[in-house]
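A.B. asks: The chain contents come next:
2 protein chains.
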Amino acid sequence: MITIGRLAQYAGVTTKTIRVYHAKGLLPEPERDASGYRRYTAQHAIDLIKIRTLAEAGVPLARIRELRADPDTDLRAALHEADLALTARIRDLRRTQQRLRRLAGGDAGLLPPGVGAYLDRLRAYGFSPRWVNLQADLWLLLFTTHPRTAAESLDDQAGILADPALRALFHDYDRAHGLDPGDPYLQDLADRIVRATRDRYGAAGLPGQEPASDIPELIQRAVNASSPAWRRLDTLIRRGLRG
Amino acid sequence: MITIGRLAQYAGVTTKTIRVYHAKGLLPEPERDASGYRRYTAQHAIDLIKIRTLAEAGVPLARIRELRADPDTDLRAALHEADLALTARIRDLRRTQQRLRRLAGGDAGLLPPGVGAYLDRLRAYGFSPRWVNLQADLWLLLFTTHPRTAAESLDDQAGILADPALRALFHDYDRAHGLDPGDPYLQDLADRIVRATRDRYGAAGLPGQEPASDIPELIQRAVNASSPAWRRLDTLIRRGLRG
DNA sequence: GTGCGACCTTGCCCTTAGGGCAAGGTCAAG
DNA sequence: CTTGACCTTGCCCTAAGGGCAAGGTCGCAC
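Protein chains in written order, with our numbering: chain W, 1 to 243; chain H, 1 to 243.
Some hints could be false.
[Claimed, not checked] Covered by chain W, per the in silico footprint, the following chain H stretches (three or more residues, Cβ under 8 angstroms):
1) 40-48
2) 87-96
3) 122-132
4) 191-200
5) 221-234
Because the hints were derived from the structure by calculation, they are not lab data. The C-beta atom is built at its ideal place from N, Cα and C for all residues, glycine as well.
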């Protein structure tokens, strides 16, 4: 006839845990003594130990109650079930960890393979940190939202970077960030970009475009947001491509 | 300028999740359009993707908010931290699974090694299922509450079982379950048990007893609970050992 | 006999990361 | 014009307890 504190001590839980198990109908309420204290028997201790073994293996308390309510369930079957569930959870966690490691493997924190190398080349070619960081975020977005087509876009972009003339255009784009939006140089740059775009893609659209996606527009807006000159450049390029 | 539903779709979450992140200060609230709808930018999408990557790795949202509030924390450091936490969780789960498997390995469900073999021998010697089940529960209780000394007690008990004369006493104890508590046979059995106990342990106490533990008394009460004859037997044995 | 610390009682609110529902407003298409 | 899909806020709910308050009790020391 032990008290709740002693029972808790034997079972390695807190008294609160025992009271919760009473409230949830997992463990029967014991008799009370004259002053209202709960008085437990060996049977309670045995039940509690079995309950804890299942609970620690991750079996939900509601499921444990079911198992105990059905008197002919085999404890061993329940343990096997718990074992399988644990195996599945371990597998999921391992998968998450794999993903995490792949993401962390690149130089830029969260990026898919390939993007890290691309960003390294941007840096090596002397693009500004602002440009590199912007690209890192935008490729992350593109790879997350359009995992199938993003790689194609990245290949295209890498090809552009390998061409000195096209690379120079992007360099100029990068450097135009702080210009006055009224600077006539922007019109010149826009014209050159329009011509290069026409040369590269002709009538066909850009590669790796998902139909009816908001993402490209979202990205262009994000680019424009940081500079009035870039906004102006965007306007001029669009006008040139339409006209 | 996408709506919350589209953003959720891109990030692979529900709209509720996004609202929760707003409420917890993880993701800034975007502008609203004329009818009060939230309108998100690419920056929101990028932030949300980064938040989800950490959250899926098990980083608590409160910690993610800290990381983002501190602008010069490295996302990679956070990822490494998450990786370590995942490793620890996987290790814990594996440990739980090991324990589960050790427990399930025995024939009796939850029992430590050694007890399963002991119970098998009880069955082989023809003890009743009631007795075997009772023993299973009681050894589980003893091993859980007194892990250091229980093995010693079990060894002692196994030794008793190996002695045909002593085994017969326990057999008689088992079979006395249904007797009338007034049956004079009980006095005879009690006398034999008292003599055997004296012979085996002499003045020294029983082996493997923890000082000041309620468990032995609890166990005896649990045994007594199932049979008036056993209660009577307990009384007579105690009287015999005292006198 | 009285004080004190440790224990017990119930009841209530708090936690994580969202899920679900209600009641009402909005948008786009047929 | 209606319908279905979307959006808004607000509220309650989850699992497995943690923590605290206010009050009653036990055992031991003085």
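A.B. asks: Each of the hints needs a verdict: does it hold here or not?
C.D. replies: Right, here's what the structure says about each hint:
Check on the segment 40-48 of chain H: 5 of its residues sit with their Cβ under 8 angstroms from a Cβ of chain W, so the three-residue criterion for coverage holds. Using a Cβ-Cβ cut-off of 8 angstroms, 6 residues of the segment 87-96 of chain H lie near chain W, which meets the minimum of three, so the contact claim holds. Against chain W, the segment 122-132 of chain H contributes 0 residues with a C-beta closer than 8 angstroms to a partner C-beta. That does not satisfy the three-residue criterion, and the hint is violated. A count of 0 residues in the segment 191-200 of chain H with a Cβ less than 8 angstroms from any Cβ of chain W is obtained; the coverage claim is therefore unmet, three being the minimum.
Here the segment 221-234 of chain H counts 3 residues with a CB under 8 angstroms from a CB of chain W, which clears the bar of 3, and the coverage holds.
In this structure, the earlier hints numbered 3 and 4 are contradicted, and the remaining ones agree with it.
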